[in-house]
Amino acid sequence: MTRLTLHEVAPGVTVQDMGRPGWGAKGLARGGAADRLALLEAAALLGQRAPCAALELAGAGGRFTVDAPTRFCITGARMKATVEGRPVGHCETVLLAPGEVLRVGGAEAGSYGYLSCAGGVFGDEWLGSRSAHLLAGIGKFLESGAELALGDDPEPEARALVLEPVDRLGGGVLRVMPGPQTELFSDAVRVRFFGTEFQRAPQANRQGVKLDFEGAPFESDTGGLASDFIETGDIQMTGDGRPYVLLAESQTVGGYPRIGTVIAADLPRLAQAQVGDVLRFQSVTLEEADALWEAEADVLARLRKAVAPRVRDPRDIPDLLRYQLVSGAIKGDELERE
Amino acid sequence: MTDRAIRPEVLPLGQAGVLVRFARSVSPEASAAVARFAAEAEGLGCDVAPALASVLLRFDPAQRGRAEVVEAVEGLLDAREWSALADPPAQRLWRVPVALDGPQLAEAAELAGLSVEYTRAELTGGEIRVRALGFAPGMPYLGYLPEHWNIPRQTELTSKVPAGALVVAVRQLVLFTTESKTGWRMVGRSSFRPFVKDAKEPFLLAPGDALRFEEVSAAELEALEDQPLGGARYEVLA
Chain A
1 MTRLTLHEVA PGVTVQDMGR PGWGAKGLAR GGAADRLALL EAAALLGQRA PCAALELAGA
61 GGRFTVDAPT RFCITGARMK ATVEGRPVGH CETVLLAPGE VLRVGGAEAG SYGYLSCAGG
121 VFGDEWLGSR SAHLLAGIGK FLESGAELAL GDDPEPEARA LVLEPVDRLG GGVLRVMPGP
181 QTELFSDAVR VRFFGTEFQR APQANRQGVK LDFEGAPFES DTGGLASDFI ETGDIQMTGD
241 GRPYVLLAES QTVGGYPRIG TVIAADLPRL AQAQVGDVLR FQSVTLEEAD ALWEAEADVL
301 ARLRKAVAPR VRDPRDIPDL LRYQLVSGAI KGDELERE
Chain B
1001 MTDRAIRPEV LPLGQAGVLV RFARSVSPEA SAAVARFAAE AEGLGCDVAP ALASVLLRFD
1061 PAQRGRAEVV EAVEGLLDAR EWSALADPPA QRLWRVPVAL DGPQLAEAAE LAGLSVEYTR
1121 AELTGGEIRV RALGFAPGMP YLGYLPEHWN IPRQTELTSK VPAGALVVAV RQLVLFTTES
1181 KTGWRMVGRS SFRPFVKDAK EPFLLAPGDA LRFEEVSAAE LEALEDQPLG GARYEVLA
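First to last, the protein sequences are chains A and B.
Each step along the first sequence adds one to the number in this note's numbering, with nothing skipped, and position 48 is 48.
Each step along the second sequence adds one to the number in this note's numbering, with nothing skipped, and position 52 is 1052.
Next comes chain A alone, as it looks inside the complex:
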């Protein structure tokens, strides 16, 4: 067991893994990482068979040490990070040795960064997952001074690896499939919705993201509607006709109408949008949405193939002279002397 110490930690840091599927009938949403792709990327980089629990950093990190050498990576949001002053790149594996301090600063792009260690975060498991699910009173925000158990890194000396992250930071286009209440919105309202430019509003958390826009509310014919199931990615129009898109830790049933569902592949882009980032919705048919579905095991297999050894630019290595850069040098007359 390796100990990870959180000497200082920003607000909003929780332990997250891939969540607890299968409890929707009991009122418990799957939960898990807001950006699931980030944990799949980390698993590919760190050689995990399936994604392990990691720290979800909601926009800022902290100061961390370990008591045994362990490789880690930061995926999801692009965050400034250093180990003893040496810069840590986005989506690359780095070795953290005992005595060294990993500092993770604020996000330069994106909303949720993930600090994953090779052996994963251990600790309290409930219904097969270690994810904090604050709405259900499961887990909590981590505090400065906390210590977490990690699985030992089976191969701390493994060569450093990098991965070109899937582009998803800074907003963009989200594909939307029809849902059970789509038809309650008139054609005109739907056309206007898909033609509108939205900005991520300041109100956002693991439950959902509010969107701002200019123009009239998106109204629907939903008087007397029964409360019904919610799916992650559902675009709910609250009482004032403004969109609120539901994320990992949403409620499971709700009474507000939903104009459609953001497909799973585009949820990381939604979760990573920062305040003010521009988001647009693009309508896809049910058939198109189903064709775009991809099993997470397949995504992971694809990411594993894309992982490559890290080649560092010497200019990024501050202690270049510490390395033996030339070896096996010869005088040039060895052959003649034989």
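Be a bit skeptical, because a hint or two may be false.
[Unchecked claim] Taking CB as the label site, the calculated pair distances span:
| hint | chain 1 | residue 1 | chain 2 | residue 2 | range |
| --- | --- | --- | --- | --- | --- |
| 1 | A | Lys305 | B | Pro1228 | 53 to 59 Å |
| 2 | B | Ala1079 | A | Glu164 | 51 to 57 Å |
| 3 | A | Lys140 | B | Arg1233 | 31 to 37 Å |
| 4 | B | Glu1122 | A | Gly22 | 33 to 39 Å |
| 5 | B | Pro1162 | A | Asp221 | 30 to 36 Å |
| 6 | B | Val1116 | A | Thr222 | 27 to 33 Å |
Rather than coming from a laboratory, the hints here were simulated on the basis of the structure.
Model, not experiment: these values are computed from the prediction.
Just so it is clear, CB atoms sit at the ideal spot from N, CA and C, and this is done for glycine as well.
For chain A, the structure is supplied; the task is to place chain B on it using the hints.
Only chain B this time, still in chain A's reference frame:
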């Protein structure tokens, strides 16, 4: 609520879900169809979850396509008439103590056209069924109260009701498992928490369970807070 016709619709909910909606608004008839269909759909190899007027089937698209699930669902739907069904008998009857001293009891009673006294008698006078678990873990939607309880939700949300709050709207009661924001009116409080995280079975209620509320005083309720299940108890019927 006036349209009682049961016309099942088969709809997509996300890339791995098929929703069978029996009606757009709540009614005892829709809930009876939901209960019957949910029981029969257990054999379809999906995760089945009932709500108030719909049943959600979650499938694994890596194992089977939507077309296959929809075909199986339509086969079940075509096999019987879904209108005018009665609720299947309850498996369990719960007796749950409540203090009917909610801050909006009088307001809710007025909207229902009843005196406060009659309201208290009515809320504790009959059995009500768990129609769905949802919103928060283990949280029951209970129905149905008589037609005069078809009162709307508030337009403004109440920023906070405590865990154990009993709230009312649209012929239903909800018993909050955690502190929450809500648009429903709070009529009472219970010491029963149907979600116990560390219990072997954390979700105590099941759809179809019957409940009977028993009125207690605020002082009695406080004393019940330390009791197992907050003083609630159940018997297995059938």
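What are the numbers of the hints the structure violates, in ascending order?
none
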